[in-house]
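**Student:** Could you put together the complete structure from these sequences and hints?
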Amino acid sequence: MRTEFPELARHHYRANKLWSGSSFAGSVGGAPISVLCQYIEQHNRPG
Numbered sequence: 001m002r003t004e005f006p007e008l009a010r011h012h013y014r015a016n017k018l019w020s021g022s023s024f025a026g027s028v029g030g031a032p033i034s035v036l037c038q039y040i041e042q043h044n045r046p047g
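47 is the number that UniProt numbering gives the last residue of the sequence shown; the numbers go up by one with no jumps.
The hints are simulated quantities; they were obtained by calculation from the structure and are not laboratory data.
Quantities reported herein were computed from a predicted structural model and do not represent experimental measurements.
A few of these clues could be false.
[To be verified] Distance windows between CB atoms, simulated: (1) 30 to 6: 41 to 49 Å; (2) 35 to 2: 22 to 30 Å; (3) 32 to 1: 37 to 45 Å; (4) 32 to 3: 43 to 51 Å; (5) 22 to 2: 19 to 27 Å; (6) 1 to 24: 20 to 28 Å; (7) 23 to 2: 17 to 25 Å; (8) 30 to 7: 39 to 47 Å; (9) 27 to 6: 37 to 45 Å; (10) 1 to 41: 26 to 34 Å; (11) 35 to 3: 28 to 36 Å; (12) 41 to 7: 40 to 48 Å.
Just so you know, even glycine gets a beta-carbon here, dropped at the ideal spot from N, CA and C.
**Tutor:** Here it is as structure tokens:
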């Protein structure tokens with residue numbers, strides 16, 4: 001990927017990695033999809 005997308009190296013040059021070793025697991029507890037969509041739409045995206 002570094003060869004195809006050299007611009008990525010500018011953002012990840014210190015760790016020399018493109019992804020972190022962390023992981024994420026989540027649950028919505030059976031909430032209806034309409035509630036999930038509303039929640040997502042009302043939150044700001046990371047800047």
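**Student:** Does the Cβ distance between residue 30 and residue 6 fall inside 41 to 49 Å?
**Tutor:** Cβ of residue 30 to Cβ of residue 6: about 45 Å, so the range 41 to 49 Å holds.
**Student:** A range of 43 to 51 Å was offered for this pair. Does it hold for the Cβ distance of residue 32 and residue 3?
**Tutor:** holds, 45 Å
**Student:** That 28 to 36 Å hint for residue 35 and residue 3 (C-beta), does it hold up?
**Tutor:** For residue 35 and residue 3 the Cβ distance comes to about 44 Å; the hint is violated.
**Student:** Does the Cβ pair residue 41, residue 7 satisfy 40 to 48 Å?
**Tutor:** violated, 30 Å
**Student:** Residue 1 and residue 24, beta-carbon distance inside 20 to 28 Å?
**Tutor:** holds, 21 Å
**Student:** Are residue 1 and residue 41 spaced within 26 to 34 Å by their CB atoms?
**Tutor:** holds, 31 Å
**Student:** Residue 35 and residue 2, beta-carbon distance inside 22 to 30 Å?
**Tutor:** Violated - the Cβ-Cβ distance for residue 35 and residue 2, about 41 Å, lies outside 22 to 30 Å.
**Student:** Taking the CB of residue 27 and the CB of residue 6, does the distance hold inside 37 to 45 Å?
**Tutor:** Given a distance of about 39 Å, which is inside 37 to 45 Å, the answer is holds.
**Student:** With respect to the beta-carbon atoms only, verify the hint that residue 30 and residue 7 lie 39 to 47 Å apart.
**Tutor:** holds, 42 Å
**Student:** Using the Cβ atoms, figure out if residue 22 sits within 19 to 27 Å of residue 2.
**Tutor:** About 21 Å separates the Cβ atoms of residue 22 and residue 2, which means 19 to 27 Å holds.
**Student:** Falls inside 37 to 45 Å, the C-beta gap from residue 32 to residue 1?
**Tutor:** Given about 38 Å between the Cβ atoms, the range holds.
**Student:** Look at the Cβ atoms of residue 23 and residue 2 and judge whether their distance stays inside 17 to 25 Å.
**Tutor:** 23 Å Cβ-Cβ, so the 17 to 25 Å window holds.
The structure fails hints 2, 11 and 12 (numbered hints given earlier, in ascending order).
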